[in-house]
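K.L.:
Sequence:
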Amino acid sequence: MADVVTALCAARMLRLAMSVDEALMAMISSAGRLYDAEEVVACVRLFRKRGFKL
1338 MADVVTALCA ARMLRLAMSV DEALMAMISS AGRLYDAEEV VACVRLFRKR GFKL
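FYI, the numbering for the sequence shown is 1338 to 1391, going by the working numbering.
Be a bit skeptical, because a hint or two may be false.
[Said to hold, decoys possible] Label-pair ranges, simulated between beta-carbon atoms:
(1) Met1350 <-> Arg1387: 24 to 34 Å
(2) Arg1382 <-> Met1350: 24 to 34 Å
(3) Met1350 <-> Lys1386: 18 to 28 Å
(4) Thr1343 <-> Val1378: 15 to 25 Å
(5) Lys1386 <-> Glu1359: 14 to 24 Å
(6) Lys1390 <-> Ile1365: 16 to 26 Å
(7) Arg1387 <-> Asp1340: 14 to 24 Å
(8) Leu1351 <-> Leu1371: 15 to 25 Å
(9) Leu1351 <-> Lys1386: 31 to 41 Å
(10) Glu1359 <-> Gly1388: 27 to 37 Å
(11) Ser1366 <-> Asp1340: 16 to 26 Å
(12) Ala1347 <-> Leu1383: 17 to 27 Å
FYI, nobody ran anything at the bench for these hints, they're computed from the structure. Glycine included, every Cβ here is placed at the ideal spot set by N, Cα and C.
Using the sequences and the hints, build the whole thing.
P.N.:
Laid out in structure tokens, this is it:
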């Protein structure tokens, strides 16, 4: 999940960088399909409740 957040927050050739909150929301919307839902919950908890920063 750390690689996903880092990748979404980095600018790419065809898209602008997302903020951490935008990246988390994108991961939440894809939980259970692209990403393991339990891992997304744990990742979001680290950023929102534990104050983790990139």
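K.L.:
Indicate, hint by hint, whether the structure satisfies it.
P.N.:
Here's how the hints hold up against the structure:
no.	hint	verdict
1	Met1350 <-> Arg1387: 24 to 34 Å	33 Å, holds
2	Arg1382 <-> Met1350: 24 to 34 Å	32 Å, holds
3	Met1350 <-> Lys1386: 18 to 28 Å	34 Å, violated
4	Thr1343 <-> Val1378: 15 to 25 Å	19 Å, holds
5	Lys1386 <-> Glu1359: 14 to 24 Å	18 Å, holds
6	Lys1390 <-> Ile1365: 16 to 26 Å	18 Å, holds
7	Arg1387 <-> Asp1340: 14 to 24 Å	19 Å, holds
8	Leu1351 <-> Leu1371: 15 to 25 Å	18 Å, holds
9	Leu1351 <-> Lys1386: 31 to 41 Å	33 Å, holds
10	Glu1359 <-> Gly1388: 27 to 37 Å	18 Å, violated
11	Ser1366 <-> Asp1340: 16 to 26 Å	18 Å, holds
12	Ala1347 <-> Leu1383: 17 to 27 Å	19 Å, holds
Hint violations for this structure: numbers 3 and 10, all remaining hints satisfied.
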